[in-house]
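From just these sequences and the hints, can you work out the full model?
Residue numbers (the numbering used here), protein chains in the order written: chain A, 1 to 378; chain B, 1 to 378.
The reader is advised that the hints may include incorrect statements.
As the list claims (entries may be wrong) - Simulated crosslink set (EDC-like; lysine to aspartate or glutamate; CA at most 20 Å straight-line):
no., chain 1, residue 1, chain 2, residue 2
1, A, Lys69, B, Glu299
2, A, Lys264, A, Glu15
3, A, Lys297, B, Glu68
4, B, Lys47, A, Asp45
5, A, Lys47, B, Asp48
6, A, Lys327, B, Asp48
7, B, Lys329, A, Asp116
8, B, Lys69, A, Asp301
Simulated from the structure, these hints should not be mistaken for lab results.
Protein chains: 2
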Amino acid sequence: MYQLIKKCGDARLGEFTTVHGTVKTPGFMNVATVAAIKGGLSALDLKDVRCQVMLCNTYHLHVRTGDEKIKELGGLHAFTRWDGPILTDSGGFQVFSLASIRNIKEEGVVFQSHIDGRRIFMGPEESMRIQSNLGSTIAMAFDECVENPAKYDYAKLSCERTTRWLIRCKEEHERLNALRDTVNPHQLLFGINQGCTYNDLRIKHMEEIAKLDLDGYAIGGLAVGEPTEEMYRVISAVEPYMPKNKIRYLMGVGTPGNILESVKRGVDLFDCVMPSRNARHGHLFTRKGVINLNNAKYELDTRPVDESCGCPVCRNFSRAYLRHLTKAKEVLALRLCVMHNLWFYNTLMEDIRAALENDTFEDFYTRNVNLLDRRRTD
Amino acid sequence: MYQLIKKCGDARLGEFTTVHGTVKTPGFMNVATVAAIKGGLSALDLKDVRCQVMLCNTYHLHVRTGDEKIKELGGLHAFTRWDGPILTDSGGFQVFSLASIRNIKEEGVVFQSHIDGRRIFMGPEESMRIQSNLGSTIAMAFDECVENPAKYDYAKLSCERTTRWLIRCKEEHERLNALRDTVNPHQLLFGINQGCTYNDLRIKHMEEIAKLDLDGYAIGGLAVGEPTEEMYRVISAVEPYMPKNKIRYLMGVGTPGNILESVKRGVDLFDCVMPSRNARHGHLFTRKGVINLNNAKYELDTRPVDESCGCPVCRNFSRAYLRHLTKAKEVLALRLCVMHNLWFYNTLMEDIRAALENDTFEDFYTRNVNLLDRRRTD
Numbered sequence: 001m002y003q004l005i006k007k008c009g010d011a012r013l014g015e016f017t018t019v020h021g022t023v024k025t026p027g028f029m030n031v032a033t034v035a036a037i038k039g040g041l042s043a044l045d046l047k048d049v050r051c052q053v054m055l056c057n058t059y060h061l062h063v064r065t066g067d068e069k070i071k072e073l074g075g076l077h078a079f080t081r082w083d084g085p086i087l088t089d090s091g092g093f094q095v096f097s098l099a100s101i102r103n104i105k106e107e108g109v110v111f112q113s114h115i116d117g118r119r120i121f122m123g124p125e126e127s128m129r130i131q132s133n134l135g136s137t138i139a140m141a142f143d144e145c146v147e148n149p150a151k152y153d154y155a156k157l158s159c160e161r162t163t164r165w166l167i168r169c170k171e172e173h174e175r176l177n178a179l180r181d182t183v184n185p186h187q188l189l190f191g192i193n194q195g196c197t198y199n200d201l202r203i204k205h206m207e208e209i210a211k212l213d214l215d216g217y218a219i220g221g222l223a224v225g226e227p228t229e230e231m232y233r234v235i236s237a238v239e240p241y242m243p244k245n246k247i248r249y250l251m252g253v254g255t256p257g258n259i260l261e262s263v264k265r266g267v268d269l270f271d272c273v274m275p276s277r278n279a280r281h282g283h284l285f286t287r288k289g290v291i292n293l294n295n296a297k298y299e300l301d302t303r304p305v306d307e308s309c310g311c312p313v314c315r316n317f318s319r320a321y322l323r324h325l326t327k328a329k330e331v332l333a334l335r336l337c338v339m340h341n342l343w344f345y346n347t348l349m350e351d352i353r354a355a356l357e358n359d360t361f362e363d364f365y366t367r368n369v370n371l372l373d374r375r376r377t378d
Numbered sequence: 001m002y003q004l005i006k007k008c009g010d011a012r013l014g015e016f017t018t019v020h021g022t023v024k025t026p027g028f029m030n031v032a033t034v035a036a037i038k039g040g041l042s043a044l045d046l047k048d049v050r051c052q053v054m055l056c057n058t059y060h061l062h063v064r065t066g067d068e069k070i071k072e073l074g075g076l077h078a079f080t081r082w083d084g085p086i087l088t089d090s091g092g093f094q095v096f097s098l099a100s101i102r103n104i105k106e107e108g109v110v111f112q113s114h115i116d117g118r119r120i121f122m123g124p125e126e127s128m129r130i131q132s133n134l135g136s137t138i139a140m141a142f143d144e145c146v147e148n149p150a151k152y153d154y155a156k157l158s159c160e161r162t163t164r165w166l167i168r169c170k171e172e173h174e175r176l177n178a179l180r181d182t183v184n185p186h187q188l189l190f191g192i193n194q195g196c197t198y199n200d201l202r203i204k205h206m207e208e209i210a211k212l213d214l215d216g217y218a219i220g221g222l223a224v225g226e227p228t229e230e231m232y233r234v235i236s237a238v239e240p241y242m243p244k245n246k247i248r249y250l251m252g253v254g255t256p257g258n259i260l261e262s263v264k265r266g267v268d269l270f271d272c273v274m275p276s277r278n279a280r281h282g283h284l285f286t287r288k289g290v291i292n293l294n295n296a297k298y299e300l301d302t303r304p305v306d307e308s309c310g311c312p313v314c315r316n317f318s319r320a321y322l323r324h325l326t327k328a329k330e331v332l333a334l335r336l337c338v339m340h341n342l343w344f345y346n347t348l349m350e351d352i353r354a355a356l357e358n359d360t361f362e363d364f365y366t367r368n369v370n371l372l373d374r375r376r377t378d
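Structure (structure tokens):
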């Protein structure tokens, strides 16, 4: 459960206790889509990059190897050997973004598997059952991810349906947790706020789902193409209506600058594929901005990516070696770049927490917010 | 330098001392083609899989990032951070197998880069200069790798040219080692025996190159498609003519069974891409035969790949998880499978050495030679 330790403006320092350990917040969750971090990192490596929470994708695990089989194998913790908290998404985002043919009804969504094309039905109950089988620490409610931009009328109808789906999720989740053979009887459930970029829909929806007294609340449907300022506006609009005693999770966000801006607006938890996706392109985060390893100037650069970084990559390898591996498209390039970027995100959160603890968050924010996302110049 | 500790039949237990550390033989070299092990293993990981020698490919490093740049960066040891012995091949094998257009003359070979198509000339002196720039512990002489099968007359002419090339290699190698700014002034040079599958050519060539008193001798041009029995026949034929006080390296070999057969015939050193190539297809070596992770029977198998294996993968992950990662084509599958297979090869060599030490090699050979390469049944 969430405990607020202190506030600096709207920014919150807190702790979130789960059956798999305590998460210090603000915190960043490391994405392990199919129960493996992209770039060849195992659960053992996650400890080395100071990860607190691993995030797995329900849809991907449902279609391959299958949640029922993973349940037989003891759930995601036994499967991956990660013993810290695991959050599973609802599957909704993938259903709405990956599946080519889909049909949304009150009961749920019919869509085709992107692997073998077979027809799959997923609704609130199915999503809860899959996540229960996976035995994650935190399950996410099944919601509709509306495309951006969306018409007001559709957004409103979708919001109302997402609320009805959430009620069904909660009911099914409680039933599953109480079953004798459930993998994790202490599984938590987070609700997801929707409403596109319409302040009034966001607020109304937040007020409704807050009544359900869930274990945490996420803001979904942002960072899907809208201007960043619009995202910040929505967060600021909805934040006053989020329960103070519950953890708040901004889904799929974002750049280091986005995270800093969102912490300032009261968000506690983040996830994003950016550390691994950018690593794939040789883009590395540093405290002085982003390095692009494809740049010829690093060819003979014997310095680490960031002299001030204590990650396993910067402690051992040069920019020149990483550039060489990147140009040669070696798997090792991907692994080392992902390791560095995840370490960067995880330790950025540590420093944000330290700044909150020491009452220097405003200063930390000012010094870093415009620096982190820009291109590094040395 | 090589020190023979003891013999069991023709099998030899020995030690090979280099400026970068001592190699216990029989030993297996781990292939890091472009200065990185396939599957995302770094030099740091090599220690964890009990690697003794890393092998890098001269041709690949010449065409990308370039040996002169790697020299500027301090050579391969500084570049990769591997501080043990490194062997570089001559580039010859890639020139003769990868390059589409080539033209062999007495001076050397003109061929096209497989990366950008540019014309490259490589002869004995060029190969020595590139390997000197890379600063490897052991350089290999530049030889012609004749296709199999080859006509006797061509094989004979090629052999004679390879001898002339070897003399030029030795001269250039000595000159380079004596230069003031050379990366590794203690670089060793191995000659390579050729002669296709013709015993008389093999023996004559071996006798000639033995006179040059090189730091070690390799048998090249085998395991290129000829029947295994023919390979063993050639090794047995040429072995009596190899200097007793020099290390013997069988290039590009092979399966665990091949290695055991070749140790029995007096070979000390091996390299092969098989541990990583087979890993890519989900084929894992164990002491009871080969496991194919694609086999459906492993889907719910919570056992490690091999209960008797102490590798980082078997200590942590199940067959079911590895199979899941393999089916999902996750990079992590590749990494974990390569780790296991390299550990298998490296510790197989440890056990061969222990058997030689304890005078139980014949027994070890008999128990294992037909077991290791076959399909595991449980």
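Hint by hint, here is what the structure shows:
1. A:Lys69 <-> B:Glu299: Status holds; Cα separation ~8 Å.
2. A:Lys264 <-> A:Glu15: holds, 17 Å
3. A:Lys297 <-> B:Glu68: Roughly 16 Å separates the two Cα atoms, so the pair holds.
4. B:Lys47 <-> A:Asp45: Judged against 20 Å, a Cα distance of about 16 Å means the pair holds.
5. A:Lys47 <-> B:Asp48: holds, 17 Å
6. A:Lys327 <-> B:Asp48: violated, 26 Å
7. B:Lys329 <-> A:Asp116: This hinted pair holds, its Cα atoms lying about 15 Å apart.
8. B:Lys69 <-> A:Asp301: holds, 11 Å
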